[in-house]
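Quick note, the sequences are listed as chains A and B, same order.
Add 47 to the 1-based position in the first sequence for our numbering, that's all there is to it.
Add 732 to the 1-based position in the second sequence for our numbering, that's all there is to it.
Take the hints with a grain of salt, since some may be wrong.
Straight-line Cα separation of at most 30 Å, DSBU-like style, residue types lysine-lysine; simulated pairs [said to hold, decoys possible]: (1) B:759 / A:263; (2) A:191 / A:263; (3) A:191 / B:759.
Keep in mind that the hints were calculated from the coordinates and are not lab data.
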Amino acid sequence: MAFMPQLSRLPATRYSRSVAQVGAAEVELLEALREGQESAFTALVEEYHASIVRVARTYVSNRATAEEVAQETWLAVLNGLDRFEGRASLKTWIFRILANIAQTRAQRDSRSLPFSSLGDESSEPAVDPERFAPAGERWAGHWKSYPERWDTLPEERLVGDETRSRIEGAIERLPSIQRQVITLRDIEGWSAEEVCSALELSETNQRVLLHRARSKVRQALEAYLAQDYEC
Amino acid sequence: MLISEDLTCQELVELVTEYLEGTLRPKDRDRFEQHVVLCDGCAYYLDQMRTMIALTDSLTEESITPEARESLLHVFREWKGG
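Work the whole structure out from these sequences, hints included.
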């Protein structure tokens with residue numbers, strides 16, 4: 048199972064570890080949950096709650112609503128335990144429930160955006176066409192001037208809080224569906240298959256959305272980091 | 733897609749995600765890599781993209797608040813009791 052490369056970064060809870068390692072442990076965890084063992088529930092909450100809130104936040108307009116959506120999701124998970132058949136992974140199942148609840152909530156709060164569409168017009172260059180030599184010139188389509196090197200920037204600037212908050216800001220400004228894809232892929236560390244399944248996207252659409260999202264975040268970061276060169 | 737022999741930088745930047753996802757056909761991947769080896773601009777661009785992805789990956793450190801944990805335990809106990 049392509050299960051959560053980000054696990055290693057999370058606190059080691061006994062349950063989540065074993066869930067990640069063997070499918071059999073997932074069965075055990077489910078069994079414990081159905082029996083009402085609180086430790087099984089808290090292990091699941093520790094593992095997924097922050098992600099759930101973050102994903103909910105891509106649907107609804109504020110943090111408080113996202114927390115409500117998360118809480119509703121957990122209740123739906125508990126109530127649906129007996130219906131869970133293990134065809135999808137537990138994680139995929141939980142996030143599908145979340146997607147349904149969050150979307151309903153977003154529609155009610157009319158922050159809804161066309162869900163399965165690509166979000167905007169089809170041609171959105173990853174890089175401003177002005178950056179390349181125009182057609183007809185000898186080096187048509189090649190860089191007029193190279194992108195800056197980031198590997199020579201001072202480390203503290205590149206990994207500083209300000210850089211991170213610029214990235215968060217850029218993600219926040221993306222069209223909803225692009226934001227969902229990049230959040231799941233690059234923040235939560237999901238696989239492409241998991242994202243396709245949770246958001247009901249084709250492989251190609253998932254990749255196009257990820258490409259646009261990443262390209263825009265890179266642009267935003269480039270604009271911010273370039274300020275160094277001006278002073 | 734089939735990449736032409738003379739892949740331009742402007743075309744390459746649109747293929748970066750497919751390259752990183754490993755979905756380019758072997759022949760196209762070779763052309764992509766040959767271009768990057770010869771072109772510093774595209775090498776820097778690819779490096780920027782990788783750096784940005786690594787930085788985005790580091791945004792997850794947030795964890796659950798004690799209040800949220802408490803109220804979820806409440807939900808659980810209610811569920812168990814009901």
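To see whether the hints hold, each was checked on the structure:
no. : hint          : in the structure
1   : B:759 / A:263 : 28 Å, holds
2   : A:191 / A:263 : 20 Å, holds
3   : A:191 / B:759 : 27 Å, holds
Consistency with the previously given hints is maintained throughout, with no hint failing.
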